[in-house]
Amino acid sequence: MSASVLFDAPGPRTVARHRVYTVISIAALVAMVAFAIWTLYDAGQLEYALWEPFVTPEYVQYILVDGLLETLKMAFFSIIFAVVFGLVFGVAKLSDHGWVRWPAWLVVEFFRAVPVLLLMVFAFFLLAIGNGPLSSFWCVVIALTLYNGSVLAEVFRAGINAVPRGQAEAAYAIGMRKSQVMTTVLLPQAVKIMLPAIISQMVVALKDTSLGYYILAPGLTAVGKPIYLEFSNQVPTAIVITGIYVAVNLVLTWVATLLQKRLVGEKKVLDVPMVGAPTGPNAPV
Amino acid sequence: MDAVISNFDEYLKAFGLTIGLFVVSGIASLVLGTILAVLRVGPVSILNKAAALYVTLFRNTPLLMIFVFIFIAMPVLGYNFKVVENIEIAGYNVSAFFFRACLALTLYTSAFVCEAMRSGVNAVPLGQAEAGRAIGLTFAQSMTLVILPQAARAVIPPMTSVMIALAKNTSVAAAFGLAEATATMRAFTNNNADQRIGIFLAFAIGYIIVVEVISLSSYLVERKVRVAR
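Quick note, the sequences are listed as chains G and C, same order. Read in order, the letters of the first sequence correspond to residues 463 to 747 in my numbering. Read in order, the letters of the second sequence correspond to residues 14 to 242 in my numbering.
Since the hints were made in silico from the structure, they are not lab data. Hints are supplied without guarantee of correctness; some may be wrong.
As the list claims (entries may be wrong) - Below, in silico cross-link-like pairs of lysine-lysine (DSS-like), each with a Cα-Cα straight-line distance of 27 Å or less:
| id | chain 1 | residue 1 | chain 2 | residue 2 |
| --- | --- | --- | --- | --- |
| 1 | G | Lys723 | C | Lys62 |
| 2 | G | Lys535 | G | Lys654 |
| 3 | G | Lys687 | G | Lys535 |
| 4 | G | Lys640 | G | Lys654 |
| 5 | G | Lys723 | G | Lys654 |
| 6 | G | Lys687 | C | Lys95 |
For reference, chain G alone in the conformation it holds in the complex:
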């Protein structure tokens, strides 16, 4: 019996009562699933013709290459750029110089508080529309880089702060310079603590690539539309596309959990403060 703060180990009467609850809830859940399937069937959404595109090689290739691959590319580029952005601003937020620290704080707080979609629309109007130099693909990447980079800046800051203080003090004591302490002592240890948080942020980035729908960017959400316009199979398309997203995200989450266990152990996940919380360098800790 796993220990829980909420309940004692159940006695025989409680066990019997729970058995009744289990039967009732199984019945309710089965009824819900059956109702969902019946609704789909009743609306004719289970007919083979509507699902056929998802087993036709050309369409599968279209979904995987024009959809999934583009989505993964957007997520990949944005997370790479975001790590660089986050590293620069996270370290800048820890700077000893006020003129570095405060602008970095302002940038990070600004991009964390503004919705990604607003950033995307702005990037789209600034850089893509008309004869703009970039495609909407890169507008999505820019918006996601700014947002996820700012979140990662907080992750990096929290990760560096999570390295025991004695490490930096020892490094200073043997005469290392500030940049040496950061690059040879603090960062290598912090990366270990931060890696799971970075991968969780990759899940967020991957999910947010779907917002490119609003600025006509490629990706999984964009490939759905021509398919359901041609076959008018809105429900199967939505189910298939969502299934792909969920599958990819579950793989990423699994990797994050694995790394958390391997690198950090059973200790709790890195705690990143929310937007607007008093986390500035002068905030009470």
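Chain G is already provided as a structure; the job is to place chain C on it using the hints.
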């Protein structure tokens, strides 16, 4: 900036809709998320698994796809939620668009609310419950006097993060025909392409004010209920 200042009433109306979406789906997702959290930590194992499945599914689905389900797939199945337009409460009635957007936001956010609640309960050390039982408190007493007060305090910071995320996520409704802040920003920019930077900053500041108000009020509540340990 001129475009925003001369159409300031539209700007306010857009943020009014954003705040409306936030408040309605915030309350609804707190209710649904709490129910899910009760199922998730409750003693019936099949319900634990069902709630866990819901959370996993909705946390890993992009919010946009949930909007696609509600706005594009559901009408095909005969659910267009037009009924809500006939319901009138105190002279106000809501559009089907507003209802659908709130539904999508609620379904998505309640998964995160559930996780925040669960982390609050898990933050209470097991020894607290054991100590409560050891000094002879009944189940109800140890719950109301020992565990829930501590869990409620521990839940404030993660819940605030969830609510801030919800406030920002209302922007997704822009892609589905609601004239909230992001859609209005896009329309303003379309009409005044030369002022796009000013317009963006004006709307960004609006969002920042919303986020900071949530964050500050949570900070004040947290400071007020804080206890010495």
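Going down the list of hints, with the structure as the test:
1. G:Lys723 <-> C:Lys62: holds, 23 Å
2. G:Lys535 <-> G:Lys654: Measuring from Cα to Cα gives roughly 25 Å; hence the hint holds.
3. G:Lys687 <-> G:Lys535: holds, 20 Å
4. G:Lys640 <-> G:Lys654: Holds: G:Lys640 and G:Lys654 sit about 21 Å apart, inside 27 Å.
5. G:Lys723 <-> G:Lys654: holds, 11 Å
6. G:Lys687 <-> C:Lys95: holds, 24 Å
Figure legend: structure checked against the earlier numbered hints; every hint is met.
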